[in-house]
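**Student:** Residue strings, one per chain:
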Amino acid sequence: MAAVAPATAPVDEDSKIELYKDALYDACRASGTDQRLFSQQELLDLGAIPANDLTVLKSVLQRLNDERLLILCQGPNGLAFKWREQSEAEKYVQKCGDQEQAMVYSVIDDAGSDGIWSQTIIRRLQMHENVFKAAIKHLIQKKLVTPFKSVEHPNKKMYIKASLRPSEKATGGPWFTDQNLDEAFIEALQSVIYDFIKSKSTYRKGSGVTHRQQPKKGVVRGSVEKVKKRAADQMSTDDPSTTKSSAPAVGAPKERDKEKERDKEKDILLPMPAGYLDYPTVSDIAKVLSKTNITKTILSEEDVQKLIDVLIADDLIEEAFITGRKSFRIVRPTQQSLEGWAVKQGTAGDDIEAGPDLYRNGFTHIPCGKCPVFDLCEPGGPVAPSNCEYFQSWLGKE
Amino acid sequence: MIVSKHAAELCALLVNDTFGELPSRVIEALLQRGPSRMPQLFERTGLHPPQVRHGLAVLIQHNLAYYNVNKDTKVTTYEANVHSCYNILRIGRIVDLVGQQYGEAEQEVVRNLFSLGYVQIADLAQAFGGHGGGAAAPATNGNGEAHTEVGMNGNSNGNGVVSNKPGSTIQSVFHLHEVIGRLIQFEILEVVDAESFANPETVYAEIEQEYTKKATTAKSLKAKEDLGREKAGMLRAARDRGKVLKRKLDAEDGFPSSKKRKLVNGEANGTPAPSSTKRRVLDSSTVLRINYEKCLVDLRNDRLGRFAADVIGHTTSEVYRALLRLSTTKLSRCKEDSKIDGAYSDMFDDGAKDVTITTLEILESLDPSINLATDIGRVGKSSVDPHIGDHLLQMAVISSTEDAELGLQGGPVKPSRNGHITDDELYSDDEPAPIKASNGQNGSSNGHVKFENVPSTGEQRVELLRRHLFLCESKHRFARYCGTLGEGQWAIDFDVVMEALRQVELDSIIEQMTGRRGLRLTRILRQFGRLDEKVVADKALMKKPTLQGKMAELQKSGFVDVQEVPRDNNRVANRTMFFWYYDADRTCRQLPDRLYKMMLRCLQVLEVERHKVKDILEFVHRTDVKGKEEEVMTPEYYNKYSKHLELERKLLGHTMKLDDIVAVLRDY
Chain A
1 MAAVAPATAP
11 VDEDSKIELY
21 KDALYDACRA
31 SGTDQRLFSQ
41 QELLDLGAIP
51 ANDLTVLKSV
61 LQRLNDERLL
71 ILCQGPNGLA
81 FKWREQSEAE
91 KYVQKCGDQE
101 QAMVYSVIDD
111 AGSDGIWSQT
121 IIRRLQMHEN
131 VFKAAIKHLI
141 QKKLVTPFKS
151 VEHPNKKMYI
161 KASLRPSEKA
171 TGGPWFTDQN
181 LDEAFIEALQ
191 SVIYDFIKSK
201 STYRKGSGVT
211 HRQQPKKGVV
221 RGSVEKVKKR
231 AADQMSTDDP
241 STTKSSAPAV
251 GAPKERDKEK
261 ERDKEKDILL
271 PMPAGYLDYP
281 TVSDIAKVLS
291 KTNITKTILS
301 EEDVQKLIDV
311 LIADDLIEEA
321 FITGRKSFRI
331 VRPTQQSLEG
341 WAVKQGTAGD
351 DIEAGPDLYR
361 NGFTHIPCGK
371 CPVFDLCEPG
381 GPVAPSNCEY
391 FQSWLGKE
Chain B
1001 MIVSKHAAEL
1011 CALLVNDTFG
1021 ELPSRVIEAL
1031 LQRGPSRMPQ
1041 LFERTGLHPP
1051 QVRHGLAVLI
1061 QHNLAYYNVN
1071 KDTKVTTYEA
1081 NVHSCYNILR
1091 IGRIVDLVGQ
1101 QYGEAEQEVV
1111 RNLFSLGYVQ
1121 IADLAQAFGG
1131 HGGGAAAPAT
1141 NGNGEAHTEV
1151 GMNGNSNGNG
1161 VVSNKPGSTI
1171 QSVFHLHEVI
1181 GRLIQFEILE
1191 VVDAESFANP
1201 ETVYAEIEQE
1211 YTKKATTAKS
1221 LKAKEDLGRE
1231 KAGMLRAARD
1241 RGKVLKRKLD
1251 AEDGFPSSKK
1261 RKLVNGEANG
1271 TPAPSSTKRR
1281 VLDSSTVLRI
1291 NYEKCLVDLR
1301 NDRLGRFAAD
1311 VIGHTTSEVY
1321 RALLRLSTTK
1331 LSRCKEDSKI
1341 DGAYSDMFDD
1351 GAKDVTITTL
1361 EILESLDPSI
1371 NLATDIGRVG
1381 KSSVDPHIGD
1391 HLLQMAVISS
1401 TEDAELGLQG
1411 GPVKPSRNGH
1421 ITDDELYSDD
1431 EPAPIKASNG
1441 QNGSSNGHVK
1451 FENVPSTGEQ
1461 RVELLRRHLF
1471 LCESKHRFAR
1481 YCGTLGEGQW
1491 AIDFDVVMEA
1501 LRQVELDSII
1511 EQMTGRRGLR
1521 LTRILRQFGR
1531 LDEKVVADKA
1541 LMKKPTLQGK
1551 MAELQKSGFV
1561 DVQEVPRDNN
1571 RVANRTMFFW
1581 YYDADRTCRQ
1591 LPDRLYKMML
1601 RCLQVLEVER
1611 HKVKDILEFV
1621 HRTDVKGKEE
1631 EVMTPEYYNK
1641 YSKHLELERK
1651 LLGHTMKLDD
1661 IVAVLRDY
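Residue numbers (this note's numbering), protein chains in the order written: chain A, 1 to 398; chain B, 1001 to 1668.
Hints in this document: simulated from the structure, not taken from any laboratory.
All of these numbers come straight from a predicted model, not from anything done at the bench.
Treat the hints with care, as some may be off.
Chain A is faced by these chain B residues, among others (derived, beta-carbon under 10 angstroms) [unchecked claim]: (1) G1228; (2) D1310; (3) M1542; (4) T1587; (5) C1588; (6) L1591; (7) M1598; (8) M1599; (9) E1607; (10) E1609; (11) V1613; (12) I1661.
All C-beta atoms in this analysis are idealised placements derived from N, C-alpha and C, irrespective of residue type, glycine included.
Take the sequences, apply the hints, and build the full model.
**Tutor:** Right, dumping it as structure tokens:
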């Protein structure tokens, strides 16, 4: 009896710990995902450890750790724990042949979907390169990890757990196709977004509008003599285009008149009144993109925001804050052509620089603005205003 | 003042074009060698003493050179006035603008002053009284023909001063005095006295020195304070010396009809002043010249008007122009001098600070023929924030209780009045109201009922006007809404708007030189500051190799630069971080020189072209040919001549476009 007791006590102790271990593990699983961090106090609070005995907890944690069911990590207030899936834990125990493999695997496992560079593993584990190579070879054979390429570090050999897909950070998100930035795709999306914002943030004015009007002589109320029909020619005299001759106030210079004539001929886009509430927001744009089925890639609002940021950087659209709502509109509406960017792109072929009209001042209108030998140009020198070929062709000679 | 090589060359070339070779050689020496005395000038120009004196006379007559007599040694030093020289380029533009804004008679006077330099009113009266250009011309030392070149950019004054008969716009001496008086009140003209020929910088420096000396002797804080105030007063007095007469005229309400005339854009031109007003005459011995500072203010207004037209729309820009006109009536210069305007500015009330204009004032000054219903999109009332004005005011900190009270009163009134203007009326953008009325008269009867309910057109116009003004508020901060008095008060923060305009010009240049991708990169750098290449690539969604190429291109053009931050003491390349950054100020300072060079090349090419058709031009300048070129010349030659004119116009036009950029970057 006396001999049995000491023998069973450790067994009991052991199986008790085993029981507590399972209880704690299940309690952890029940109370949060595998991303949740448990502090020591939280583990105790789960109530799986009798009387909150810290020595028992210690043994239980030791066992859990040995079996790779619990991951130790740095929490906000010191040491913290995360639980690991049973099947994952088994990989360590069963598939990793030796300690080195388990170490390498755990580092790769920790890196998660971002993956990790081979050199980082070696440095972190202070491992010899050959040992690492042997370990990683084994792990790859066992289909535990897999090498892949990250867009951020295209020349580095990266490893990732075989069961995971590389994260957006590693693949570059929706903008990358086979680790290459898909510029044509981005450009196409931009043009669609731009055209959408354009259609939503401007008003298309019909032709036949004049900026001048006849001075009003007060309110016209329908009097009897005026109701009678007038001949067509009488109508035309009321046309505002004749106002110019009747109104003596032609202080405007000729250019402005010309501008006016031009405006009359074509439709133009007009800005919306201040305080306009229906400018599209990011979510509006994201919705339109998903509705139009322009791409199979699913774009989140952040992705769309990124495209919009680029459009803002291109000085094509601007933010409009109206009553606390962040929305977008195009810049210089009256100067933009009516046809969409996407349409233009079709006609422009491969020229991805084709796009909306930007403000151009006179800088490159003369050859000097883009002259490759501008710095050399001096009167009397080999390149001089007197023998400038660019100017000659610009002036229409030769 | 230190001038870059290209600026100096450009100035010399402009003087050469306008006033001939002699003054040009003198000014070249002055620009290149700095302030000089007479013997030095002989040496540096290689001209005979009488020639140099003639040249200097022309320069001083046109305010292109300053002189300064040393009090002790009685030696005169001459110095180039770079700004004036450069401003020759803008003469045509200024003349044009004065014509638009103030009227034809004013334009005529200004045009003559440009050809004469500074002049006594009596001489000017004689010139106008003498009928025909002959009387005006002799006073100039330069050759009159030169104005052809300068005037080209304006479209009205192709042949310059001399050919226009002054008598047609200025009828009498009284009229002339009236016009001059008005121009003085607008600060377009300023009075010249003996001290006006000194470089203002030197004058300011002398005053500063004097007071620095005095300040060392002053012991108490109070005495120092007093000295500081006195100094500020002296500086101001020195600067505003030419405006004494203006102030006198303002105080006496000298030419009362001026205000109205200005607003209606010369509509009343040629009509003699109403006989009831007493005819004032200015002192005929007063000497006048053009005040470029004020002209620049007007030019800036014009530029901002064009900017608004580009960014927002035509009608809004007209409204904005009216606001600009009203807010700058008392503004004397575009940029404040920190030395003069900085300290103790509270002592002086020149009325230029915190100008607010009410919507009603704008309405009054707006050309009534402008159709305010155009150029804003027509939308349903529900999709526009009806209380936008209140929101704006809430955002701005209203300091004075008075304003807050008004805000409370004014707030609810507007929306309720909004209520009974039907959407259709207010948002009608395609057809101005008169047309609408005629439609109704043409048979369809439904128009009638509506008209009965429509509020008076005046009220509607105010509402439409407010719409345009709010639009100005919403983009680039063209205007600032700052009160509800008189249907809303408006102010313009010129610093803010000009910053935006400068940005736009810079962006445009960057875009033109390096493409949209280059623009994208610089704008990202501007927004986020210094960035690593990887981050830039991520933000710009560009491929690394393309990005690197673009960055190199941008760096070569001087728009962006790279900063190296070594991670350790070894400073090896692979342990160093490289940050790209964009410095707008530096770009702003560097670009003008490039622009000077471009303008210079334009004008030099023009010179070459002129040389090529020298014989034709000489022939055309003969007095018996002038004016009837087409009849006298053979078709072949006439063809050549008109082609040359075309080319001249093109080159000068583009020079003016470049000047536009320079003005934005440097002067406004």
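**Student:** Next step is simple, just say for each hint if it's right about the structure.
**Tutor:** Status of the hints after comparison with the structure:
no., hint, verdict
1, G1228, "violated, 43 angstroms"
2, D1310, "holds, 6 angstroms"
3, M1542, "holds, 7 angstroms"
4, T1587, "violated, 13 angstroms"
5, C1588, "violated, 14 angstroms"
6, L1591, "holds, 9 angstroms"
7, M1598, "holds, 4 angstroms"
8, M1599, "holds, 9 angstroms"
9, E1607, "holds, 8 angstroms"
10, E1609, "holds, 8 angstroms"
11, V1613, "violated, 12 angstroms"
12, I1661, "holds, 6 angstroms"
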